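Quick note, the sequences are listed as chains Y and F, same order. Under my numbering, residues -18 to 233 are what the first sequence spells out, in order. Under my numbering, residues 2 to 262 are what the second sequence spells out, in order.
Source of the hints: derived by calculation from the structure; they are not laboratory data. As the structure is a prediction and not an experimental result, all values here were calculated from the model. No residue lacks a Cβ here, since even glycine has one placed at the ideal position from N, Cα and C. It is possible that some hints are incorrect.
Said to hold, decoys possible - Facing chain F, from chain Y, some residues (calculated, C-beta under 7 angstroms):
hint	residue
1	5
2	9
3	90
4	100
5	103
6	195
7	206
8	208
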Amino acid sequence: MDKLIFNPLATLREQAVVRQAIVHELSNVATVGFKRSFETALRSLKFEREGFDTRYQAQALYSDRIDLKPGALMATGRPLDVAMVGNTVLTVQAADGQPAYTRRGDLRVNPSGQVETGSGALVLGEAGPLSVPAGFDITITTDGQVFARDPGQVGVAAPAAVGRLRLRDATETPLSRREDGLFQVAGQPPGAELPAGGTTVVQPRALEGSNVGAVDAMTRMIDHARSFETQIRVIKEMKELDASGASMMRQG
Amino acid sequence: MDASMWIAKTGLDSQQMRMSVISNNLANVNTTAYKRDRATFEDMLYQAVRLPGAQTQGAAASPTGLMIGTGVRIVATEKNYQQGSIISTKAPLDIAIAGDGFFPIQQPDGTTAYTRDGGFKRSSTGQLVTASGDLLLPAITIPANATTLTIGQDGSVAVELPAGAGSQTLGQLQLARFVNPSGLQSVGQNLLRETGASGPPQLLAPGQGGAGRTLQGSLEASNVNVVEEMVNMIETQRAYEINSKAVSAVDGMLRFLNNNL
Chain Y
-18 MDKLIFNPLA TLREQAVVRQ AIVHELSNVA TVGFKRSFET ALRSLKFERE
32 GFDTRYQAQA LYSDRIDLKP GALMATGRPL DVAMVGNTVL TVQAADGQPA
82 YTRRGDLRVN PSGQVETGSG ALVLGEAGPL SVPAGFDITI TTDGQVFARD
132 PGQVGVAAPA AVGRLRLRDA TETPLSRRED GLFQVAGQPP GAELPAGGTT
182 VVQPRALEGS NVGAVDAMTR MIDHARSFET QIRVIKEMKE LDASGASMMR
232 QG
Chain F
2 MDASMWIAKT GLDSQQMRMS VISNNLANVN TTAYKRDRAT FEDMLYQAVR
52 LPGAQTQGAA ASPTGLMIGT GVRIVATEKN YQQGSIISTK APLDIAIAGD
102 GFFPIQQPDG TTAYTRDGGF KRSSTGQLVT ASGDLLLPAI TIPANATTLT
152 IGQDGSVAVE LPAGAGSQTL GQLQLARFVN PSGLQSVGQN LLRETGASGP
202 PQLLAPGQGG AGRTLQGSLE ASNVNVVEEM VNMIETQRAY EINSKAVSAV
252 DGMLRFLNNN L
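The shape of chain Y in the complex, shown without the other chains:
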């Protein structure tokens, strides 16, 4: 049988992961703070062997860098919701204890008074995990300062600063994905932290939507489906070619 049939097979196999990535993006079209991260390209690989001079197989090249393009801003009015502006990311403590980054800003206070994100990761302040006094009213300013005010205090109650969100600017440093969906510094061991400084701004009382463009992802899905069909076509042609060759050689 002609080995050409393995060329479209290689393309199909290399692109299987692309389909999974596109569908994953589509299913997260409404997840708060979700950032798409997956880009792929195919390159041709020449086989340098006798009889293989016309064989170029496809090999996928992936890049898994977080795309910090902003998602839609949704004003919620909830005091503990923050939307990160520009390339600002929030430092949280992942389940394995290491610092990691996220764009989720749907914060809440857990029963022990610590601030966590909607998916349950502890939010880190500049001085370790951020805790707020139980039952206090919380406000967060645009520079990430967290103030707590005792609602029981009679008269004008001055809000007391309880900490500052550990916000970092990821303009200069690319981020990549961790297995739990949080971000880490690309090309560094897990737990490496971004340097302080740069512009870090949050928009209080708002949430950032997913930055998956539905049109964009759907188009890539269609493109992928057509490319899939083309490969199947080539396999089918090869099958017929081989069958006709076999019938020609049949004796009698």
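Given the coordinates of chain Y, assemble chain F onto it according to the supplied hints.
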């Protein structure tokens, strides 16, 4: 079968569940002191196709790994305890809470549940009960011959006795506050129950220690914002359609494969 179909299925499931949350909010747009729910989404665990630092060519190592996602799920529904608007009803036993706090309500099984619905009634024994007949704690009994009943902003309950017999203070209402009210468990009938996540209740006199004040003759309206829910509903509907398109696209590919090979 292809993993992408199952990923799209997680999207369909989550959007369906979010639609239930939105429908429940819209259905309760006129429920006294109803607090709206919000569904919280989370992207599911990622599979490492290639780990960071894997060898690529010669001594070169890939600077980033390759993580492929497996879909989305709903991690929690969270109540938003924003104050609803106060509606004046002029009924003497309607009490709205302006600020934080819940009325403790005794349950038939002896436990205590909590509510913000202050539409109380008088039982046959003269006690203050909820619309479904559960007793408000601490129990307050109104004498049968009382003429007018006043409830102060600090929760004190007093009645005027007939024929110049003067007024009589019957007691003081109490409000329960929680460290994390979002952790309370909704059990229906406008009632909430304490959980490990909400923390223990802190019983306070109205207006003290962060508890809200009690307003007689008013009720708290639902805090559902219809416009916001409508926008959420449209978004959910479209997201659902997008995910079902993804299923049909993958299905089309597999059908093509079956038909042509």
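Status of the hints after comparison with the structure:
Look at residue 5(Y): its Cβ gets to within about 4 angstroms of chain F, closer than 7 angstroms, so that hint holds up. Of the supplied interface hints, the one on residue 9(Y) holds, with its beta-carbon coming within about 5 angstroms of a beta-carbon of chain F, less than 7 angstroms. For the restraint placing residue 90(Y) at the interface with chain F, the shortest Cβ-Cβ distance is roughly 6 angstroms, inside the 7 angstroms limit, so the hint holds. Annotation: interface hint on residue 100(Y) holds; nearest CB of chain F at approximately 4 angstroms, less than 7 angstroms.
This hint is violated: residue 103(Y) has a C-beta 15 angstroms from the nearest C-beta of chain F, more than the 7 angstroms allowed. The closest approach between the C-beta of residue 195(Y) and any C-beta of chain F is roughly 5 angstroms, which is under the 7 angstroms cut-off, so the hint is satisfied. A distance limit of 7 angstroms between C-beta atoms decides the matter here; for residue 206(Y) the minimum to chain F is near 5 angstroms, and the interface restraint holds. Residue-level restraint check for residue 208(Y) is violated (minimum Cβ-Cβ distance to chain F is 10 angstroms; threshold 7 angstroms).
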